[in-house]
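Chemist: Given the structure of chain A, go ahead and fit chain B onto it with the hints provided.
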Amino acid sequence: GESVGLHLPTLSVQEGDNSIINCAYSNSASDYFIWYKQESGKGPQFIIDIRSNMDKRQGQRVTVLLNKTVKHLSLQIAATQPGDSAVYFCADLIPTDSWGKLQFGAGTQVVVTP
Amino acid sequence: NAGVTQTPKFQVLKTGQSMTLQCAQDMNHEYMSWYRQDPGMGLRLIHYSVGAGITDQGEVPNGYNVSRSTTEDFPLRLLSAAPSQTSVYFCASRALGEYNEQFFGPGTRLTVL
Chain A
1 GESVGLHLPT
11 LSVQEGDNSI
21 INCAYSNSAS
31 DYFIWYKQES
41 GKGPQFIIDI
51 RSNMDKRQGQ
61 RVTVLLNKTV
71 KHLSLQIAAT
81 QPGDSAVYFC
91 ADLIPTDSWG
101 KLQFGAGTQV
111 VVTP
Chain B
1 NAGVTQTPKF
11 QVLKTGQSMT
21 LQCAQDMNHE
31 YMSWYRQDPG
41 MGLRLIHYSV
51 GAGITDQGEV
61 PNGYNVSRST
71 TEDFPLRLLS
81 AAPSQTSVYF
91 CASRALGEYN
101 EQFFGPGTRL
111 TVL
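First to last, the protein sequences are chains A and B.
Those letters in the first sequence? Residues 1 to 114, per my numbering, in order.
Those letters in the second sequence? Residues 1 to 113, per my numbering, in order.
Just chain A, same shape as in the assembly (with noise of 0.2 Å):
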């Protein structure tokens, strides 16, 4: 079936450096898109979220991009701290679904170095 994958496990960055972590979706219908945020021992945290109508959506510290070309979602982060450590998920809507149910991926581990 169609599914959301993650291009790398893991990724190890530098503190104070910006962190990139890249997510493909399949299903051409998926019109919106959410970053989730898990750290160790915790459920998901939603970071930020993104429709299909847009290109780009900036929060806090973090930037989502949308290339809907070529399926693709990345989330930046700005000026990576230590407590940016934590495994990050992609998850798109279901278009099909009446009820909203999310698809994820299986998420990259952002492990901060000093």
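Since the hints were made in silico from the structure, they are not lab data.
Be aware that a few hints might be false.
Under 7 Å between C-beta atoms, here's a sample of chain A residues computed to sit facing chain B [as the list claims (entries may be wrong)]:
id : residue
1  : LYS42
2  : PRO44
3  : PHE46
4  : ASP49
5  : PRO95
6  : TRP99
7  : GLY100
8  : PHE104
9  : GLY105
10 : ALA106
Think about it this way: if two alpha-carbon atoms lie no more than 20 Å apart in a straight line, the pair counts; the simulated DMTMM-like pairs of lysine to aspartate or glutamate are [unchecked claim]:
id : chain 1 : residue 1 : chain 2 : residue 2
11 : B       : LYS9      : A       : GLU39
12 : A       : LYS101    : B       : GLU30
13 : A       : LYS56     : B       : GLU30
Using N, Cα and C, we set each Cβ at its ideal position, and we do this for glycine too.
Modeler: Just chain B now, with coordinates in the frame of chain A:
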């Protein structure tokens, strides 16, 4: 607001035992759901509910039952535990249509021997 609470945090079962994972939310959310999280895989939807008395199957419902007698509570029952059900289970809730306001509980780590 306590948000979404789950009990227990950890549980060890023997194959064939049954148990109930509890989930409660105090945000008056209509939509509640259960996911399992396995290493190297994304969250997979087990069951969900769009309101009291209404439940439906997700992607991996086999071996699990749910009920929704109140808006606040959404327990997940394992009927006869199997080692393949060893996983971390997350409950989540949100208002209908509010996909960016989905809150997850802290999770239950279940081991089936």
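Chemist: Checking each numbered hint in turn, tell me which of them this model violates, lowest number first.
Modeler: Hint check: 5 and 13 fail, others pass.
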